[in-house]
Each structure stands twice: as C-alpha cells, then as structure tokens.
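Each protein sequence line maps, in turn, to chains A and B.
The opening residue of the first sequence carries number 1 in my numbering; numbering runs sequentially from there.
The opening residue of the second sequence carries number 1 in my numbering; numbering runs sequentially from there.
Everything labelled a hint here was simulated from the structure, so no lab data went into it.
Careful, some of the hints might be misleading.
Reference excerpt, derived from the structure (chain B facing chain A, CB under 8 Å, subset only) [unchecked claim]:
1. Tyr24
2. Gly42
3. Leu43
4. Leu45
5. Ile86
6. Leu98
7. Phe100
8. Gly103
It should be emphasised that the depicted structure is a prediction, and the values quoted were computed from it without experimental measurement.
Even glycine gets a Cβ: it sits at the ideal position worked out from N, Cα and C.
Spelled out, the chains give:
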Amino acid sequence: DTAVSQTPKYLVTQMGNDKSIKCEQNLGHDTMYWYKQDSKKFLKIMFSYNNKELIINETVPNRFSPKSPDKAHLNLHINSLELGDSAVYFCASKYRVEETQYFGPGTRLLVL
Amino acid sequence: GEDVEQSLFLSVREGDSSVINCTYTDSSSTYLYWYKQEPGAGLQLLTYIFSNMDMKQDQRLTVLLNKKDKHLSLRIADTQTGDSAIYFCAESEGYSTLTFGKGTMLLVSP
Chain A
1 DTAVSQTPKY LVTQMGNDKS IKCEQNLGHD TMYWYKQDSK KFLKIMFSYN NKELIINETV
61 PNRFSPKSPD KAHLNLHINS LELGDSAVYF CASKYRVEET QYFGPGTRLL VL
Chain B
1 GEDVEQSLFL SVREGDSSVI NCTYTDSSST YLYWYKQEPG AGLQLLTYIF SNMDMKQDQR
61 LTVLLNKKDK HLSLRIADTQ TGDSAIYFCA ESEGYSTLTF GKGTMLLVSP
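Construct all of the structure, not just a fragment, from the sequences and the given hints.
See below:
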C-alpha cells in the first residue's frame, strides 16, 4: 500500500512549458506539504496546506501554484518553467497535531 | 531564521559504528528528526526525538540530544553497506514545517 504517492516520477520538459505534479496520500492526514530538493541535495519547504487551506507559502515564485481539491490531494502546477526549476520535488503529509511527516518518493523534474 | 548544520561526508568500514552529528540554532525546536535518503529514492523517517528527551534508542540506532549545546547525533551500531545513504537532520517547532540540514553522505566500505 502506498502511503504518499506522486506522479509522475520523472518529468523532462522544455523551458517555458507549463507542467503539473500530483500528490495523493491515503493516510487520512489533514496537512500536506511540497518540498524542493536542489542539485546539492538541500531540502526546503515550499508550501503547506491544512484541510485544503494554504497555511505556509515560503518565498516561492508565483509561477508555482499549489492546488488542493480535497484533503487527500495536493497538486503543484508550474507555469513558464525555467532551468532553475530542475530539482526533485517531494510531497509529504501528516496529522496537524502529530509530529511525523511521511514523504512521497519524489518527482524528478528536468527542464531543458 | 532557523539553521541546521551537518558535516557533509562520513566514511566507515562495515561493522564499525557511525556517528553523524548535527547542530541547530532554533532554541524553540520541539522535535528533531533523522531522515535517510538512499540513491534515487525518497526520504525515509528513521527516528525522531522530542526536545525534552536526552536519548532515544531504536535497535541499531541511538539518538543523543544535548539541548544546551543544540547538538543532535545519530549513532548507527554495526554499520552495514546497506546503510550507505544521505542522512538528513531536521527540526520543527511545534506543528510547523521541517527545516532540514544539507545532509551527511555516509559511505560504508566492506
């Protein structure tokens, strides 16, 4: 059983394109996150949603727009992709009142 | 802002103990975590410790927390080649997001 899943696993695209990454969790969690891991393996929070509402938005360009259609899903849409967007994007989830975040397998995005 | 620092690389021989160290700056950190990332894989939570604890042991893993010095360590006993991975230290304050260190690459040689 997959707890936190992401699609696609790999995404190769041209600069300027618009793409989406999907995340789903079947754990019944109410808080979901997007993290970005750059080429140097540094992990940084991008967004956090609780019960479909945005609660944290770090200094991420507004080309990145998260969308949460329901508590189990948090999708990430990226407009006008740039070379610097190449990274691994991790989705995570947890119960708001608990401490443990569970991570998805990551989506490897390469912008050419 | 919060900062989490780790050494970047550690090399040990199979069967030895590994100790990965981490320091953090946020005195209001509530939970401290260790995550493992194998090549090409996602993040796996190894263990975590609440800030009012000094030590936590889980099979081959021992976490030590020195809250006064804001120092966290992960000891892996009887290190195996399958332990080769990047280990991330992370902290959170209450129920907020995780702040990660840059990761320590552990290389275990036979």
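Original post:
Going through the earlier hints one by one, which of them does the structure break, listed in rising order?
Top reply: Hint 1 contradicted; others consistent.
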